[in-house]
Each structure stands twice: as structure tokens, then as C-alpha cells.
Amino acid sequence: MKFKAWLKTIIFYEILIGMKATLMHLLHYKPITLQYPHEKRILPDSYRGMLALLRYDDGTEKCVGCDLCEAACPSRVIKVISAEVPDEPTKRFAKEYYMDMTRCLFCGLCVQACPVDALGMTREYEWAVYDKRQLLLNKGQLLAIGDRSYPVREKRLELQHPNVAFFNVAFKHLPPKES
Amino acid sequence: MATTAVETVRLTIDGVPVTVPKGTLVIEAARQTGVMIPHFCYHPKLKWDANCRMCLVEIEKMPKLQTSCSTPVAEGMVVRTATAVVNEAHKSVLEFILANHPLDCPVCDQGGRCDLQDFSHEYTPTTSRFIEVKRVFEKEYFSPLIETQMNRCVQCLRCVRYCDEVMDVKALAPVGRGTMTEIKHFTHHELDCEFCGGCVQICPVGAFTSRLSMYEFRPWMLKRADTICTYCGDGCQITIQTKENELIEVMSAHGAGRNNGDLCARGFFGYHATTHPDRLQHPLIRRNGQLIQTTWEEALEHVAETFTRLKLQHGPAAFGGLIASRCTNEDLYVFQKFMRLAIGSNRIDSSARYGHINGVRALRRVQGTHRWTVTFEDIVSADALLLVGTSLTETNPITGLKVKEAVKKQGAILLTIESLVPAVGTISNITNLATHHVSAHPEQFGNIVLGLIKAVIEEGLVDQALAQRATSYVQAISEAVRACPWPVIENATGATSSTLKETARTFARAARTIILVGQGVLRAPGGYGIVMNLLDLLLLTGKHDQPGCGLAPLAEENNDQGAVEMGTVAEFLPGPSDLNDRPARERIAGLWKEELPQGAGSTLIKMLEEARTGKIKAMLIVGENPVGSLPTGARAKEALEQLEFLVCQELFLTETAALAHVVLPACSYAEKDGTVTNTEGHVQQVRQAIEPIGESRPDWQILSALSGLLGYPLEYGESREILKEIRSLIPGYGLLGPAPTPPRPDQTVVDRYLREGYTEDLASRYSLAGEGQAERGSRKEGSFALVVGQTLFHSGKLSTRAKGLLQIQAAGFLGLNPANAQEIGVTEGDRVRISNEQGEMTTTVKLLDRVPEGLALFPEHFAEDRLTDQRR
Ligand code: SF4
Ligand code: SF4
Ligand code: SF4
Ligand code: SF4
Ligand code: SF4
Ligand code: FES
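Chain order of the listed sequences is A and B.
For the first sequence, position 70 matches number 70 in our numbering, and the numbering has no gaps at all.
For the second sequence, position 675 matches number 675 in our numbering, and the numbering has no gaps at all.
If we strip away everything but chain A, and leave its shape as in the complex, we get (with noise of 0.2 angstroms):
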């Protein structure tokens, strides 16, 4: 028994074993380092990457203004300022829009928070930058990244499901909201 125990001391046995998987790598060696930039990754289907603002088919933002987002976002990152859109009396949007992606935990929770699907995330994860400013996304930025990540775009939602016909639609007849 103790010459067990002292065979494990000098040839540090748990050390052993706590290297285990590695030094059967060291015998069995396949490369499992991608040589990035270079190459690059397969992404899973379910990849969580960039955020995105969509839009319909006809180009028009699906974005309601609703601040959903921003209630369910745990790290704050979203900032959401609706107003009636300029020109469409009662329909509403998000006038400005904001995500500070250095604190996103890209949990997702913002996506299936939207009732509109306006809320998208990308396959995009290239977003390193020298300026953590530059993190700091509007509603023209996160369009973008929608545009080019997301080339299919939907019906609007009244031709989706008509019998919600009357959503967030402007009333041209009515004067605008006053300022």
C-alpha cells in the first residue's frame, strides 16, 4: 500500500490523469486548430450571431416601436424611441433605435420578445473593432446588417393573416399628431 502510493507520488500520477486527454492527442495528432482568417467555421443552424433589424418585402421597416426588446433584454442593450411615422397619422415606429453591442449576450431574448419578427440574428460574428464606439449601433446600421443577411423578406403582416387587417396601418385622413 505504500509503495503504491509512493510509485503514484514520483511519477505524479494525477497529473497523469488530469492530462489524460491531452497526451492522447499528443499520440493520436489530427489538426483541430481552423487556420482563421484563412478558413473558417461551419455555423450551426441555431447560430446566434450579429443583430439585425428586418424588413417587409415592400422595403418597409417591420419594426413597430414597440420597446419589447428593450423590456426584455437583461444587459440593456437595446434603447427603442417610438413616435407616429412622419406623414402616416396613428401608424407607429421606432423613431430611433439603439443596440450597444459590447454588452449583448447575444441570449436572443429580444428576437422572441418582437410580435413582429422585426428582430433578427445573422450569421455574422466578424465585428471586431479597434473603437468600442463603433459597437454602438442605430437603426441605419442594424437595417443594413438585416439587408444583407436576410435577402428574403416576408409578406406585411396584413397579407400574412388578414384577419388582423387593421395593424399599426396610418389613417391619411387624419391630421398628424402635433408636436
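Keep in mind that a hint or two might mislead.
[Said to hold, decoys possible] Within a straight-line C-alpha distance of at most 25 angstroms, the following computed PhoX-like cross-link-like pairs (lysine-lysine) qualify:
#1 Lys79/A x Lys139/B
#2 Lys223/B x Lys95/A
#3 Lys172/A x Lys139/B
#4 Lys243/B x Lys95/A
[Said to hold, decoys possible] According to the in silico footprint, chain B covers these stretches of chain A (three or more CB under 8 angstroms from chain B):
#5 56 to 69
#6 79 to 89
#7 167 to 177
Keep in mind the hints are simulated off the structure, nothing from the lab.
Cβ atoms here follow ideal geometry from the backbone N, Cα and C, with glycine treated the same way.
Following the hints, put chain B with the ligands in place on chain A, whose structure we already have.
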């Protein structure tokens, strides 16, 4: 109120035994046990309607489910609110509602505080069996301030019932049948109503929302501050909701404050005034005739230096101080202390001078109180209410609601002596509810009151006990009114003696009577005398010391009452105590550790006169704008221009501030803490909702800083310390409770008044005003008596900076009776030129049925078109 023991009933709700007063509805009893039964159409403020079927519960021994909102409790009742059957019923009701409800939540301003959302989460499965296309209403434009989305309506009719039952406006109606019922207003043009916002507040869903804050917020983003509306003396509790230091909306919760959650347009839509872009952000100082921006240090030092110099040259009596009674008690208190100690002058006055002081002086003289002896609750439970010159809806809308409640729900008798005539209009008209109405020319209020007293005496309505106790008093008044013959009264007032006698009889017969006196009397020349006579009326009919009876002068500005109690008027020290009341002076001096200045006070008008003649060299004006608000504005301007030094603390560069040598930017009520005292004498808390705009500071802080530079430091860390000091002067001041405890009339004072106090001005009070003048009805062709007054949608000048209120009423107008208008050939919307001896101007005609013939109504709020300006 009679305190009979209330009958109670015991019942069981979900296994919990509960005892409630008889007549309680099951839904309310359940609330007491902590069970919230889902409901849409029920609201404690309204009569039950039981139209939504959401509140079904199971009651033992009843064959079917019952609507808990319409079922009164019964002894031994066993109620179950959460059985499978009940839940199934809730689910079905919701399924029907949701069958037609749009999926608007993401764009609906109610989202996050919507009853339908909450109940749906609680009771419905996420799928529906309905596949039909949803009901869609044609969208109509409703109004600039209230947005309707009828697709979201659950047809509970709360809005319609509120507008009718509580507001008495009746602007809304359900149109159509079944699911196609939609809420509309009666006319084809946009909504024209009181814009109280009540329908917005009471709608359980997002069918009615405010356009003012549309799409600017989500409920969970809002920070709340419970504070007090500063637009009128009713002192409604409002909750200001802000998002990132921006005012988003105002609401008032049911059960909150003296207003019980009801508001008027000014409170609900007028909140943007304080953040108007024209707000003064920096101190201004006059250099080479121009007001230019400066720093606080420079401004304050300049003020302190000049004050010190002028004080040395001319003595402290050469200083005058004016303060707006919109300020908090703390501001008012520090102001008068500053004037009295740091400056040493008693020449102090506030805007309570315009009217409220007359009521308070009369109350003090006759019954030794400076407050109402009644409360809003007493108004609601009164048997008879006499309104004299109130224009209640326009000036004190919430007191108006109490009167409406008394008349409509409690069956009180309403007697009105008003310049308005009963007529249905787009806003409510209190005279419509009156059983006895005397339509009076504004100059005739006093004569009508005389007529009432004469009627009381002639009809033998004088209280027997009083007749014995104060024989000479009754005798003197009887003789005085005998000298006013009926024909002269009738001729002057246009009211017949039989009407007045009938009114007097009704008044005397009722057990609990309250007289409400409004600005029409208080501000009138001789207003003090009329209030005195009304107190005589109470005394004569023996109601004066009865519980639930009293005279209530209505304060126009939110803290008129506080201004008097803080001693910021010419005749009072804090308390209020008379300026020459020796023991009070000593007590105050003891607390302040400083002698009080000698010398008389000067009223606002007198001060301006003294400024003109050079007796006053320097003035400190806080928030008050005599040039803009006095009918003789131009004379006030002349007077103020004579001053060697004028300092103004202001929110905006008003007409008066524009004359100042130094203008100091002050905080509005939304940016500071403090207390204000409403018209019934209830002290309430004002709480800060946003950060001060620019470099503005609360008035008391400015005065405190200034006092330090003058060598009489009045140092306070926060407003609460000032309140503490006020309490040491006035014990118990502002113990913030849910309701005021009104004082009782002081019997020694009443006795003194009945013995000899009445004699000094009896003759002048009991003479017909304007006797011998041109008879009524003999006005010159095309000339009108101009009544400059309040409208419901504005208050002073401040509200004309509120964008919401401007959308309801953006300019002055001339209200004319349609018959008169036809006579002179003008109609609605015409531009007319009007002139009087003081000036002339053009304005737009508005036809109002409620304006009596021969009168022209003109709102006092709009600076651009002031009739009283000397522009020719
Ligand atoms: S949840 Fe969707 S619709 Fe709502 S604000 Fe966010 S992105 Fe826009
Ligand atoms: S009323 Fe309520 S349920 Fe209906 S859309 Fe608005 S938030 Fe949603
Ligand atoms: S508008 Fe609102 S309050 Fe009025 S009936 Fe419809 S749901 Fe009820
Ligand atoms: S805002 Fe107008 S319609 Fe709505 S309850 Fe008030 S008075 Fe009636
Ligand atoms: S103006 Fe008067 S009645 Fe209207 S909300 Fe303000 S305090 Fe209440
Ligand atoms: S709340 Fe009882 S039926 Fe509507």
C-alpha cells in the same frame, strides 16, 4: 353627518368570512378580502351597468352565475370566485371579446397596463376557436387630444357613463348595436367637450388614449411623482409620469387626493407649460438697457449690493415685495421672512389680494376662522347648496364635481346666483342642475344677496334662538333691509321678489347648507361686503354653527389659502395673525430671534401707487405679473418703470420680468418639493418630478442665498426644514392626512360680532349697490358689459404655454349670446373689433347660449389680445 350605526352583513367569499356594510356589492366585498374579481364595466365611481359579464361568480343557492358587480351582499351569502365553472365563464367572455379584438398590443399605448391583457393572460388559452375576420370600424378623427381606436373597445360604456354621471358633460354616446357598438360623440365635427381626460383614464383598454403622449412611452418606463396640480385652488392630486426627465403624462388614481382621481383639462392636459422652451434657464441682468445672461454669483451679488445701498439711502420701507400665490407654502413663508427680516419691510402682498383675501377677512371677522368650516365631503352630503358668482365649472372644476355629485347622486337642492344662464352646451353648466336659479348681472350679486336677506326677514325665516340671543343685530339688519324696497331691488337685479323669497325659503328649510362664493363676488369691488352679508344670511337662518353648514370662498390660485396663512399679504403675519397683534408679534419675534419691522403693510394696488410716487424704490416680485394680469396693466407698467431697482424671480420672461433689472430663474412646481394649501384648507405635498430646468432654483433657495449676502442668513437645507419652522409657528400646520379637519366657528368671535362687530360697516354693506345708475336693460345699442374671466381650459397666463391646452383653446374670444349676436349681425367665428375706455382690440366671436344677453365674456389668459391694453 349623522353618525348612525351602519348595518352590516356577514358573508363568505372563497371560504373567507367577511363583514361589510349592508348594500355593498359582492365585487367590493371581495376586494376587501383581497380577491380581485375580473371586471370591465364596473367602476366604483359609476352606477353599475353589468353589461360586460366579466365579473361572474358562483353564489350558493342561486341557480346561475351572478354578476358580482350588480349583486348586493346578503346575510349568510356564500360566494365562490374561482371554481371551474366560474373560470370557464371568464374564459368564454374573454373568448368573445378577443374574437373581435385586434392584435394591437405592440402599438397600443395601454399595453402593459391593460385590463384585457391582464385577464387574457390569466384566463384564456392562446388559441381561439374563431377564424372569422375581425370587426373593423371606420376610423374617424376624434379630437386633437383624445385618440380613439374603436376596434379595441370592449363596449363596457364606462367612458359614456363617466362623462354623463360624473362630469355631467354627456359628450359621448354608444352608437350601433351588439358587437358593432362604437363610442362616438354626438356631432359630426371633432370632439368638443370639457377634455377632462376622464374617459382616457377610465377606459379599461386602449380604446381611448391621450394623443398628447401618444407612442412616447411604455408604462414600465415611467417614473412617478405624486404631486398637486397648481392650476386652481381645488388642489387635485396628480401623478406626474416622467421618462428620462421628460414629462410624459399626468394621471390621477381613483381614490387619490381630494379629487378622488378626477381631473380637469388643465390638470390632465396642461402639464407641458413647465417645460416650455421659453423657460428662463439663466439669471439675467440689465446692462445698457438690455437683459443679458449672467451667472448666479454675479446676479445675486448685484442684487445684494443694490438692496444694501438702497436700504441705506431710503430705509427699509422703500422696499416692496410681491409673490404669486402659486408658490409653495415654503416659498411664501421664506419670502415674507426675507422681506420682514433681511429687508425689514412689511410691504408684502400676494395674488391672494385679487380675491381670496376678501373671503378670508370676512370669515375671520365673523367667525374667527380663516378657513372653510366645511370640507368637500360636506358639500357632497349637503341638503342645499347656494352658489354665488362661482362660474364653478370654469374656475373650480373639481369643487364643481362635488356639487354635481351632491345634486345628482345625493339629491341636494342647488340654488345658484350666477351670471351664466342655464343652457346646454359642450361643457357642463352648473346652473342646469339648479332648482332655483337667479341670473345676475355681475354687478348685481350684492343686491341679490340683499334681496335674499330681506326675504329671510320678511318671510320670518330668522332663527328663533338667534333672534333672542342677538336682538339688536337682527333688529339692525331688519331695519337696514327695510330701507331697500323690493321694486328697487327687482328693477336693479331683474329678479322678482317671489323668486328670491322662494330661494330664501328653500335655503332656510334645508338642514345642511353650504354657500360657495366664487371669484365673481370675491374679486368684485365690494366683494368683501357681499361675503359679509352672506355670512349674515347664514347667521340669520341659524345655520352658521350647524354641522355641515358654512360659507366657502373658492380660491382661484392653487395656494391662495396658503399665501394668507403664511402671512404674505399686507395685513397678516404668518398664522395668520393681524399685523399689529401684539402677542403674536412677540411670539414670532421670539421664534425668529429678531424684531419684526414696524410700519403698515401695503396692498398690491397701493404698492404700485407708491412705486409711481417714488415712495417705494425697489421691489422684489416672485412669480407675479401685475403688468400682465391687472386690468390696469399699463398703469402697473408705468409704476414699475419708476422703480430704481426691480428684481423678478420668474419661470418666463413675462411682461413684468421684462422690466426688471435682474431676473432670477425659478423652478416650477414640477421641479421642487413643498406643500400647498387648497381652497378647503387641506395642506398637501408637492413632490419633485423632474430636475430643475437649466440653472433654475426653487424660490426659497434663491431667497435663502440672497439673505446670506444681505447678512441675515435664512438657512434651510431642504424644504422640509421650512415646514418644520412653519409648524413651530402654526402648530400642526400641514399634518398631511387624507382629508382636512375643518375648524369650528369661534363662538366668542361670533358673539362679539353679533354684539357690536356688525355695526361698523352695516350701513354701507346694506345699501343697494349702483342705485340710481342706469337701469338694467337700458344699455346702449351694440354695447355690452364685458366680463373678463376664466375659461375652463386655462388658468392665469401660465397655461397658455401648455401645448395641450393650446390645442383646445389657442386664443381669446368674445363669448356672446346668440340673440345678441344676431342683433348686431355677427356670427360664430367673425372677427370683431371691440373697444372700451381703456383700449380696443379685435377678436373672434364665439356664440355661447350660457352667456346672458347684454354680457360679453372674455377670457383673461391671452396676452396678445388684451382688451385692457392701452393700444390705440
Ligand atoms: S420588439 Fe420588435 S417591434 Fe418592438 S421595438 Fe423591438 S424590434 Fe421593434
Ligand atoms: S387594449 Fe389592451 S389588449 Fe387591446 S391592443 Fe391595447 S393593450 Fe392590447
Ligand atoms: S371606449 Fe373604453 S370605456 Fe368606452 S366603452 Fe369602449 S372600452 Fe369601455
Ligand atoms: S374628456 Fe370629454 S368626452 Fe371624455 S369624459 Fe371628459 S368631458 Fe367627457
Ligand atoms: S386645475 Fe384645478 S380642478 Fe383642474 S386638475 Fe388642477 S387643481 Fe384640479
Ligand atoms: S363588471 Fe360586472 S358585468 Fe361588467
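Worksheet item: Out of the numbered hints, which ones does the structure contradict?
Response: Hint 1 alone not satisfied by this model.
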